[in-house]
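Novice: Going down the list, the protein sequences come from chains A and B. Sequential numbering of the first sequence, starting at 6, is according to my numbering. Sequential numbering of the second sequence, starting at 60, is according to my numbering.
Derived from the structure by calculation, the hints contain no laboratory data. Careful: at least some of the hints might be erroneous.
[Claimed, not checked] Here are the computed lysine-lysine pairs in the DSSO-like style, where the Cα-Cα straight-line distance is at most 27 angstroms:
hint, chain 1, residue 1, chain 2, residue 2
1, B, Lys538, A, Lys148
2, A, Lys148, B, Lys618
3, A, Lys103, B, Lys538
4, B, Lys102, A, Lys77
5, B, Lys538, A, Lys154
6, B, Lys649, A, Lys148
7, A, Lys154, B, Lys102
8, B, Lys538, A, Lys73
Each chain, written out:
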Amino acid sequence: MQIPINEINQIINREAMGDGSLIGALEEIQERYRYLPPEALILASERLGVPLSQAYSVATFYNAFSLKPKGKHCLTVCMGTACHVRGSPQVLDRLETKLGIHAGETSPNHLFTLETINCLGACALGPIVVTDGEYSGQMTTRKVDALLKSMMRAEAEI
Amino acid sequence: MNRLQSASEYQSWQASLAAAWDDTKPCVRICDGTGCRALGSQKVLASLREEIDKAHLDTPIEVVGTGCPGFCECGPLLTIYPQRISYQRLTAADAPEIVRQTLAGGSVIERLLYTDLQTGEHIRLEPDLPFYKRQRRQVLNFNGRVDPRRIEDYVALGGYKALAKVLTSMTPGQVIAEVKASGLRGRGGAGFLTGVKWELCRQNVETAGSGFVVCNADEGDPGAFMDRSVVEGNPHAVIEGMVIGAYAMGVHKGFVYIRTEYPLAVENLRKAICQAEAAGFLGTDILGSGFEFALSVRLGAGAFVCGEETALLASIEGRIGEPRPRPPYPAASGLWGMPTNINNVKSWAAVPIVIERGAEAYAGVGTSTSKGTMIFSVVGKINNTGLVEVPMGISLRELIFDIGGGIPNGREFKAAQIGGPSGGCIPAEHLDVPIDYESLTSLGAIMGSGGLVVADEDNCMVDFARYFMTFTQQESCGKCVPCRIGTKAMLATLERICAGQGQTGDVDYLLEMGDHIKRSSLCGLGQTAPNPVLSTLRYFRDEYDAHILDKRCPSKVCKGLITYSIIPETCTGCMVCLRNCTSNAVSGLKGEVHSIDAALCTRCGVCKNVCKFDAVLVC
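Looking at chain A on its own, in the form it has when it is part of the complex:
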């Protein structure tokens, strides 16, 4: 993927004019591109006057940041306590088996990234799987199969 240096520069400039927060700038870049390209860290450290080592330590410390590009679709399994007692480990298990990847990994064809999150705070719906921002609640292994099937079908049609 071509790294849009100009856009990244704009984001960092805007942050530099405002609060000047390194984490704020990285969060915005992460949200836009769903990962932090190495160029973003270099530009942010130069513009915001922070050592590159600090930018790197921030980027690797917080769960919200990723240095690797993500797949086209993101599947996030909530691993909060309420989801855990209602069976989220089985749901994650099923997704891992079906996709052939572990949590935190992206499928070799770059279609799916499987992630876990500590708690979404929508505990009445547990276990929850979020697919590209859409919540699916009261998940079971069967519902996981159906969900994946419909995603793959939609992909095949494109």
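Starting from the known structure of chain A, fit chain B onto it as the hints suggest.
Specialist: The following block gives chain B in isolation, referenced to the frame of chain A:
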């Protein structure tokens, strides 16, 4: 709108908004919080508006999206004013019927009402629902009533009255005295007296010349979502509390540190800050008093440790969220070395209530040492998942069985975990203990931020402890050795026990290691990390013994200790389990009894879930 120049301008604006607020006017309020949105409330809202437009009703009916009223289990939720008819579990397809039957026709649709779990009766009105009936809503009072995106709604119901009162008729010292007298304790978990904390900070601000106030909205405890709900559903209460606190402590800059996992709360909060600035409740010369206060939002980036105050401050400063030793406490040296006061969302939101109603009235609710109300998120194996605000001192039994509606599917209650990964579990024998800071601590749990997860007989307490240890181990920032290595050692032991390789002496090792970690870790995360293990050991030692000595998981959860097999008498040979098994462990022909190859079986449980004949046995 024009910026308010004085308290009297505010008062006349407030009076006109209050006069225009009419609960007897027909109005539909629908929950637009994260929980109900996830269940499709926005579609319901859109189609209701469309249907109302189409129906050309005699009286115009407004549809308002509100904050979360708390009854997440039955979402999407809707309340029809003025009667307060409560409809639940709605879909967009229900909208035409609601407009035709109830809004135009005046009759109630029975199938959309809540059904009482015990009596099976339909309950029509919101105040009569058992879930709400026993609650005492102060902090959550506006959730479900106001549109969090409209400052006018908050003001109409008396919002910012406390701020006007403080700025016109109270000195900073009087504000601190009032908060002290109310007995308000930090709702973030530790329970330190808020007024005392303010007083310490004020003294340091006087010497240092300036300082900061911070709102801790980094609600990382998995299973707790009340802070999100308050920020999302009533952000102005938090802002008002913070301005009052800033005035009392003499500081002019504040931050709200909020989880990035809560996008809607962040959106509503940012909107509210802009509105408060425009109206003159934030910025320079607030309500013409000469007092100045600016508020910024900082997003957390997904690190549980940032809920710890010194780690949170490091994160606001743009560094990684590593805690540092205390003292100095933030009240003496916080953000950029300046005196800083940090309070939880619920503490800030309680401040306007304390000021407006007076310390005495606030202290009239609760127990002798724990004043006011507490918000719990009651989740897990419970019928009525949701947010519950109750007076301090209520018993766990009332909370779980009367308000929470008990355990689903007739299962037996086993334990309630209070305080999340820092807390402990409380077993059935202590269900009647009144909940306050002291009683929970004496039972080995903590109040924490109010997360309450219910486990039933199907949950294994060793697995439960392992779950929390996995969590804290992953979230340990790695700065101090006891937490970084100690949690890893405890987790490895627990994993071995769950895998069926437990040894005699493991329990003693866990107790000893837990004690070391508690005593020698740098921050609250490490110091409390062993709690879930220690408290499950205290109350459920028999389950540990069963795993270690008998190689048996009594609740049939731990994969290393269970096997799946098929009951020949019940199996119909329908092949459903065979087709669903991803590890090809099931064999058999159509119409003939199947069997499971234990060597290939990964114990994922899919066969049991899909079997319609209950023919899969776990033992």
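Novice: For the pair supplied as a hint, Lys154(A) and Lys102(B), confirm whether the alpha-carbon distance does not exceed 27 angstroms.
Specialist: Since the Cα atoms of Lys154(A) and Lys102(B) sit roughly 24 angstroms apart, the hinted pair holds (cutoff 27 angstroms).
Novice: Given the hint that Lys148(A) pairs with Lys618(B), does the C-alpha gap stay at or below 27 angstroms?
Specialist: holds, 22 angstroms
Novice: Does Lys77(A) sit within 27 angstroms of Lys102(B), going by the straight-line distance between their CA atoms?
Specialist: holds, 26 angstroms
Novice: Under the criterion that the straight-line Cα-Cα distance not exceed 27 angstroms, is the pair Lys649(B), Lys148(A) satisfied?
Specialist: Holds, at about 24 angstroms.
Novice: Below or equal to 27 angstroms on CA atoms is what counts here, so check Lys538(B) against Lys154(A).
Specialist: Between Lys538(B) and Lys154(A) the Cα gap is close to 44 angstroms, so the pair fails against 27 angstroms, i.e. violated.
Novice: So if I understand the rule, the pair passes when the alpha-carbon distance is 27 angstroms or less; does Lys538(B) with Lys73(A) pass?
Specialist: holds, 25 angstroms
Novice: Given the hinted pair Lys538(B) and Lys148(A), is their Cα-Cα distance within 27 angstroms?
Specialist: violated, 41 angstroms
Novice: Keeping to a limit of 27 angstroms between CA atoms, is the pair of Lys103(A) and Lys538(B) held or broken?
Specialist: Violated, at about 37 angstroms.
Going through the hint list in order, the structure does not satisfy hints 1, 3 and 5.
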